Amino acid sequence: MGQVICIANQKGGVGKTTTAVNLSASLAAAEKACLLIDCDPQGNATTGLGFDRSSLEKGLYDLLMGAVPAEELIREASLSGLNVIGATADLIGAEVELVSIEDKEFRLRKGIAQARQKYDYIFLDCPPSLGFLTVNALTAADSILIPLQCEYYALEGLSDLLKTVQAVKMGLNPMLDFAGILLTMYDKRNNLSQQVADEVCIHFKGNVFKTVIPRNVRLSEAPSHGSPIILYDIRSTGAQSYLALAKEMIGRE
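In terms of our numbering, the sequence shown opens at residue 1 and continues consecutively.
Since the hints were derived computationally from the structure, they do not count as laboratory data. As the structure is a prediction and not an experimental result, all values here were calculated from the model. Ideal placement from N, C-alpha and C gives every residue a C-beta, glycine not left out. A few of these clues could be false.
[To be verified] Restricting the straight-line Cα-Cα distance to at most 20 Å, the calculated cross-link-like pairs of lysine to any residue (SDA-like) are:
no.	residue 1	residue 2
1	Lys188	Glu151
2	Lys118	Glu31
3	Lys118	Ile250
4	Lys210	Gly226
5	Lys11	Val208
[What the hints assert, rightly or not] Quick list of the computed label-pair ranges, beta carbon to beta carbon:
no.	residue 1	residue 2	range
6	Pro174	Ala89	32 to 38 Å
7	Met170	Met65	39 to 45 Å
8	Gly251	Ile202	20 to 26 Å
9	Met65	Met1	21 to 27 Å
10	Gln114	Gly157	23 to 29 Å
Just need the whole structure built from these sequences, with the hints factored in.
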């Protein structure tokens with residue numbers, strides 16, 4: 001049975017989708033079967049892997065509504081071993097439509113119960129909020145990975161996320177574990193980046209990934225080409241960093 005990993009942080013622009021796309025692609029390149037589920041109505045993970053959202057007739061919304069099983073929603077990405085359940089525009093209405101449904105927090109968990117037998121890793125790319133979709137992802141997950149940018153105010157709002165994680169653990173998913181914090185957007189030329197990295201490592205001690213994701217132009221360009229960084233420019237520091245992160249994760253198995 002595969003690991004289900006929720007990638008979450010309610011702050012935008014911290015590298016959630018970049019990590020979801022590129023970590024899953026790097027693990028697939030290491031011959032691990034991966035499924036990426038786009039839980040963000042913005043659908044950036046969907047387009048970042050080359051899918052045209054307007055041509056997707058069905059996606060995660062249909063799974064949450066109980067209309068279509070996960071197996072019928074899975075699409076193959078351009079990289080062998082990487083599959084996707086995309087986010088269509090109607091996902092934004094899911095929270096309102098499911099508000100009165102019993103056990104609404106368990107919709108995703110139940111929906112992927114069969115699919116998780118077929119994968120080594122399932123990644124859930126969350127929206128930048130602590131609403132219904134993020135709670136569903138946390139309830140479905142075995143662990144949470146938190147990307148944290150090496151910039152001023154990096155820790156701002158993190159306490160709210162950790163409170164939500166604790167609430168989900170207490171009431172909905174007692175087995176939810178902490179995969180760790182991933183430092184992103186690190187700039188070795190900037191003293192502040194190192195200061196933030198040091199502070200996070202002191203705060204969270206053994207719960208920080210050794211791999212650090214740098215600021216990298218090629219990494220920021222790749223989504224506009226609908227490609228993970230290892231297909232766009234494998235020699236870039238961004239690609240090498242995510243390959244190293246994949247190796248670190250495999251080493252934890």
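Each hint, compared with the structure:
no.	hint	verdict
1	Lys188 / Glu151	holds, 12 Å
2	Lys118 / Glu31	holds, 13 Å
3	Lys118 / Ile250	holds, 17 Å
4	Lys210 / Gly226	violated, 28 Å
5	Lys11 / Val208	holds, 18 Å
6	Pro174 / Ala89: 32 to 38 Å	holds, 34 Å
7	Met170 / Met65: 39 to 45 Å	violated, 27 Å
8	Gly251 / Ile202: 20 to 26 Å	holds, 24 Å
9	Met65 / Met1: 21 to 27 Å	holds, 25 Å
10	Gln114 / Gly157: 23 to 29 Å	violated, 35 Å
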